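Position chain B relative to chain A; hints supplied.
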Amino acid sequence: MALHLNLLHEEILQQRQRQRDPLKIGVMVLGALGALMLVYYLWNAYKVLEIRNRLGQVQHDWAKVEPKVTAAQKRSAELNSIISTTKVLDGMIDGRFFWAPFLEKLSRCVALNAQLTSIDGSVLDDGRISIVIEGLAAGREPRAAAEELRQLLLEQLGQSYAEVKVEFKSLEDLDTIVNIGGSNMAMARFGLNVTFATAAAKPSPTPGPRTKVREPK
Amino acid sequence: MKIQVKLSKDQIKKLMLSAMGFVVLVYVYFSFFLGPLNTSRDTMLAQIDELQNKVASSKSELTKTSNLEKQADASTKRFAALKALSPEGAPIAWFPPRMKAFFANQEIDKTTARLETSVAFKETDLANWMRYNWLLELPQADFSTLGKAVASLENSEPLLSIMRISIKALPEDPQFQQITLSASTAMVKR
Numbered sequence: 001m002a003l004h005l006n007l008l009h010e011e012i013l014q015q016r017q018r019q020r021d022p023l024k025i026g027v028m029v030l031g032a033l034g035a036l037m038l039v040y041y042l043w044n045a046y047k048v049l050e051i052r053n054r055l056g057q058v059q060h061d062w063a064k065v066e067p068k069v070t071a072a073q074k075r076s077a078e079l080n081s082i083i084s085t086t087k088v089l090d091g092m093i094d095g096r097f098f099w100a101p102f103l104e105k106l107s108r109c110v111a112l113n114a115q116l117t118s119i120d121g122s123v124l125d126d127g128r129i130s131i132v133i134e135g136l137a138a139g140r141e142p143r144a145a146a147e148e149l150r151q152l153l154l155e156q157l158g159q160s161y162a163e164v165k166v167e168f169k170s171l172e173d174l175d176t177i178v179n180i181g182g183s184n185m186a187m188a189r190f191g192l193n194v195t196f197a198t199a200a201a202k203p204s205p206t207p208g209p210r211t212k213v214r215e216p217k
Numbered sequence: 001m002k003i004q005v006k007l008s009k010d011q012i013k014k015l016m017l018s019a020m021g022f023v024v025l026v027y028v029y030f031s032f033f034l035g036p037l038n039t040s041r042d043t044m045l046a047q048i049d050e051l052q053n054k055v056a057s058s059k060s061e062l063t064k065t066s067n068l069e070k071q072a073d074a075s076t077k078r079f080a081a082l083k084a085l086s087p088e089g090a091p092i093a094w095f096p097p098r099m100k101a102f103f104a105n106q107e108i109d110k111t112t113a114r115l116e117t118s119v120a121f122k123e124t125d126l127a128n129w130m131r132y133n134w135l136l137e138l139p140q141a142d143f144s145t146l147g148k149a150v151a152s153l154e155n156s157e158p159l160l161s162i163m164r165i166s167i168k169a170l171p172e173d174p175q176f177q178q179i180t181l182s183a184s185t186a187m188v189k190r
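Chains as they are written, first to last, in this note's numbering: chain A, 1 to 217; chain B, 1 to 190.
Each hint should be verified, as a subset may be incorrect.
[Claimed, not checked] Below 20 Å or equal to it, Euclidean Cα-Cα: the simulated DMTMM-like pairs (lysine to aspartate or glutamate) are:
hint	chain 1	residue 1	chain 2	residue 2
1	B	Lys100	B	Glu88
2	A	Lys87	B	Asp73
3	A	Lys87	B	Glu123
4	B	Lys148	A	Asp120
5	B	Lys122	A	Asp126
FYI, nobody ran anything at the bench for these hints, they're computed from the structure. Just so it is clear, the structure is predicted and the values come from calculations on it, not from any experiment.
One chain only, chain B, in its complex shape:
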């Protein structure tokens, strides 16, 4: 059975008006009410997620740092000891007197130490350190005293390495030698 609804012109107009009202209602609802609310909810959920991740990773970060602190104990002590080998002040001010006093204790007098060059290390880990190259001149020493002094120097100055050694017998007194040492040291940048 087919029902035929006959609508008048006025009724069709009113129907159209109602349909337009429906569209406007839906548009306003989603664009100005539900849409912004959902956007705000999504943003907040994303923020919560991000912060919860950060809090979770921070716990592992704190644990990691605590473990690292324990593991680095030996390195920290050793680093402090190596750093303590470079006193405050410019090396040119304290290194030559230190060498003079050191060799004087080894019965080698009149030692002079001159700074030849100072360069930054190429290694990125040593960005706060500098390499200083020194020329140590020992005008007179006998061979055995020199040997003991060099041994003592190498043992007491771990960051010093002798790169060149020149020993010449004194023509007028062959028992004694004139010694020149080229030494390189690693020192903290001041």
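One chain only, chain A, in its complex shape:
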């Protein structure tokens, strides 16, 4: 067996140590890692550029649509306001009390032997109508003539209005005698309080009894 003598063992050891230098290895590892990271960064940057392009496109689309949408929203608000205002105004119009039909009914109730001297009517806050009628009635029984007017008024108004009340506020005989159709007649002065509810002021009908629910077989 041949004998080998290593006379350069120190130099060889130094060379091995240089090759295994941790700093050198670390720099190499860091360099490789840095390169990988750079590639990953560039890949991400490319994707971000794509997203930026997409954002530009969407912003362009929105810029085209935005004025239309703003105008539409404004118009929509305006239309809603018009609809609700018209609804409220229509409610006011429908809720009015029409005096002309009442005056017509009243004129039909006044007989030849009665005369109205004053009518004061007003629409109350709750929508009810209150009227004070003053007048004169003549006849053999002037009080009966006034009562006849009251009854007729009650009947006529009851056909069109709800909760009609016609009550005497005052009824007094007068000393004055009038000549109607050639005959002398006594007179009475009367005052009537008339109240009634219009259709708008009518309470809503109460619901009927609940019908029995049919049980399933």
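Then chain B, alone, in the frame of chain A:
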């Protein structure tokens, strides 16, 4: 088998230096490169999402407005007609002459109209409207003429409602009556 690596002091120092280099590299990479890039990407994605939602909702908004326009056609016409009942200018300037002319056409002369009060409506929908309360005085009219005039007034002025009516027979001529009407009208604010 256990491998024992013996490191010299110098090697340990170099190893530590490499480890520090690694930490710095990672920190710089995430803090100054990848981090801001990701933040920017997330912001842009959120913006895209928001804008796409807006564009999608805008389409439904436009459709809704178009449908509303069709539905509101009758209301728009009616609103325009009601608005046209209030001419330009202060109501005190045009309403009394209008009433005078109206009752003159109904054969009731010398009508006067006075403004009593004007108040804003409580309803928010009527923010652009005002309630005017007028006192109409008709010095002389017979009952049937008055009845016809009131009927005509109530039909031709939908926004006018008579709140109070007072009819008094004239003592010297009972055939005729003196009439006072309290009327309330809704008019557009000018």
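**OP:** With a cut-off of 20 Å on the C-alpha distance, tell me whether Lys87 (chain A) and Asp73 (chain B) pass.
**Re:** holds (13 Å)
Original post:
Has the given pair, Lys148 (chain B) with Asp120 (chain A), been kept, meaning a C-alpha gap of at most 20 Å?
Top reply: Holds, at about 18 Å.
**OP:** Decide if the proposed pair is consistent with the structure: Lys122 (chain B) and Asp126 (chain A), CA atoms, cutoff 20 Å inclusive.
**Re:** holds (16 Å)
**OP:** Take a quick look at whether Lys87 (chain A) and Glu123 (chain B) sit within 20 Å of each other, Cα to Cα.
**Re:** holds (12 Å)
**OP:** Assess, step by step, whether the Cα of Lys100 (chain B) is no farther than 20 Å from the Cα of Glu88 (chain B), and give holds or violated.
**Re:** Distance ~19 Å between Lys100 (chain B) and Glu88 (chain B) Cα, so the pair holds.
Going through the hint list in order, the structure satisfies each hint without exception.
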